[in-house]
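Asks: Sequence:
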Amino acid sequence: MIKCFVVDDESHNIRLLSGYIEKTPGLELVGAEENPLVALDTITSGKVVPDIVFVDVDMPELTGVDLAGLVNKLTEVVFATAYPDYALQAFEKNALDYFVKPISYERFLQSVSKVRLRISARSSLGQEKEDSYFFVKSDVKGKMVKVEYGEISYVEALQNYVRIHTTGEPIITHLTMKKVEESLPEDRFSRVHKSFIVHNAKVRVVEGNQIVLDDKSTVVLGSSYRDSFLRKVNEKLINGER
Numbered sequence: 167m168i169k170c171f172v173v174d175d176e177s178h179n180i181r182l183l184s185g186y187i188e189k190t191p192g193l194e195l196v197g198a199e200e201n202p203l204v205a206l207d208t209i210t211s212g213k214v215v216p217d218i219v220f221v222d223v224d225m226p227e228l229t230g231v232d233l234a235g236l237v238n239k240l241t242e243v244v245f246a247t248a249y250p251d252y253a254l255q256a257f258e259k260n261a262l263d264y265f266v267k268p269i270s271y272e273r274f275l276q277s278v279s280k281v282r283l284r285i286s287a288r289s290s291l292g293q294e295k296e297d298s299y300f301f302v303k304s305d306v307k308g309k310m311v312k313v314e315y316g317e318i319s320y321v322e323a324l325q326n327y328v329r330i331h332t333t334g335e336p337i338i339t340h341l342t343m344k345k346v347e348e349s350l351p352e353d354r355f356s357r358v359h360k361s362f363i364v365h366n367a368k369v370r371v372v373e374g375n376q377i378v379l380d381d382k383s384t385v386v387l388g389s390s391y392r393d394s395f396l397r398k399v400n401e402k403l404i405n406g407e408r
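Heads up: the sequence shown runs through residues 167 to 408, numbered per this note's numbering.
Hints should not be assumed to be uniformly reliable.
[Claimed, not checked] Here are the simulated DSBU-like pairs of lysine-lysine, each with C-alpha atoms no more than 35 Å apart in a straight line:
id	residue 1	residue 2
1	Lys267	Lys402
2	Lys344	Lys312
3	Lys402	Lys169
4	Lys398	Lys213
5	Lys239	Lys345
6	Lys280	Lys169
7	Lys345	Lys382
8	Lys402	Lys360
9	Lys312	Lys345
10	Lys189	Lys344
11	Lys280	Lys267
12	Lys398	Lys360
13	Lys280	Lys213
14	Lys239	Lys169
15	Lys345	Lys213
16	Lys169	Lys189
17	Lys398	Lys312
18	Lys312	Lys402
19	Lys382	Lys307
20	Lys312	Lys189
21	Lys307	Lys345
22	Lys169	Lys312
23	Lys307	Lys344
It should be emphasised that the hints constitute simulated quantities derived from the structure, not laboratory data.
The task is simple: from the sequences and hints, build the whole structure.
Replies: Right, dumping it as structure tokens:
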């Protein structure tokens with residue numbers, strides 16, 4: 167989920183953008199503030215950690231441009247303002263986008279697309295720097311096996327064990343599903359059933375309560391996990407007009 171924060175000294179603009187955020191899959195409203203000084207304290211103190219801040223330009227006590235200069239190392243910034251003349255200053259503060267009020271939902275979605283691309287690129291770069299594997303104990307005493315994230319298709323529960331299905335041989339190890347779930351990156355893997363965790367990039371088809379993976383394996387999509395999994399799917403969904 168992309169966490170969003172809105173800063174605008176006019177409450178009706180906050181309501182408009184908050185409404186857009188709340189009805190858009192993949193976005194989460196984590197805060198809104200009419201006072202830019204309070205917003206600055208909230209963000210820089212870490213009380214909330216937004217991925218993006220939608221900010222007005224013309225505000226009392228602290229302009230949106232000044233606010234952006236103080237938070238742009240912590241979050242992406244998009245300007246939403248009635249004044250087109252501040253665009254150059256906005257982009258000097260590394261703003262991701264700049265749109266002029268009144269803001270249509272279509273224009274809002276265009277900005278969100280830019281945010282997704284920026285966050286995805288940043289995440290991919292960060293992922294390259296992070297460990298992309300872990301080790302598990304095998305059924306042979308003293309033997310540990312390396313498991314690459316990219317090689318995992320899905321993980322299956324087997325009572326007190328789990329079976330990790332990979333592009334090579336499956337690996338059986340004494341672990342709980344909860345422990346495996348906590349060890350895998352949430353943006354790349356999804357718990358879809360009490361007995362299954364899937365690698366999102368290996369999902370080929372979702373139909374009803376069935377998930378088909380690239381290796382043609384089929385796993386069940388449990389009702390308790392359905393909504394959270396489909397939110398991730400919908401973030402990648404391209405809708406055509408019919």
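Asks: CA of Lys312 to CA of Lys345, is that 35 Å or under?
Replies: Since the Cα atoms of Lys312 and Lys345 sit roughly 16 Å apart, the hinted pair holds (cutoff 35 Å).
Asks: Does Lys344 sit within 35 Å of Lys307, going by the straight-line distance between their CA atoms?
Replies: At roughly 23 Å apart (the allowed maximum being 35 Å), Lys344 and Lys307 satisfy the hint.
Asks: Taking 35 Å as the top limit, are the C-alpha atoms of Lys312 and Lys189 close enough?
Replies: violated (42 Å)
Asks: Given the hint that Lys344 pairs with Lys312, test it: the Cα-Cα distance must not exceed 35 Å.
Replies: Status holds; Cα separation ~19 Å.
Asks: Under the criterion that the straight-line Cα-Cα distance not exceed 35 Å, is the pair Lys398, Lys312 satisfied?
Replies: Given pair Lys398, Lys312 holds - Cα atoms ~28 Å apart, limit 35 Å.
Asks: Does the structure keep Lys189 and Lys344 at a Cα separation of 35 Å or less?
Replies: holds (31 Å)
Asks: Are the Cα atoms of Lys345 and Lys382 separated by 35 Å or less?
Replies: holds (26 Å)
Asks: So if I understand the rule, the pair passes when the alpha-carbon distance is 35 Å or less; does Lys267 with Lys402 pass?
Replies: holds (28 Å)
Asks: Within a Cα-Cα threshold of 35 Å, do Lys312 and Lys402 meet the stated pairing?
Replies: Holds: Lys312 and Lys402 sit about 30 Å apart, inside 35 Å.
Asks: For the pair we were handed, Lys280 and Lys213, check the Cα-Cα distance against 35 Å.
Replies: holds (25 Å)
Asks: Is Lys402 within 35 Å of Lys169, Cα to Cα?
Replies: Holds - the C-alpha atoms of Lys169 and Lys402 are around 17 Å apart, at most 35 Å.
Asks: Taking only the CA atoms, is the gap from Lys402 to Lys360 under or equal to 35 Å?
Replies: holds (24 Å)
Hint check: a violation occurs at hint 20 only; the rest are consistent with the structure.
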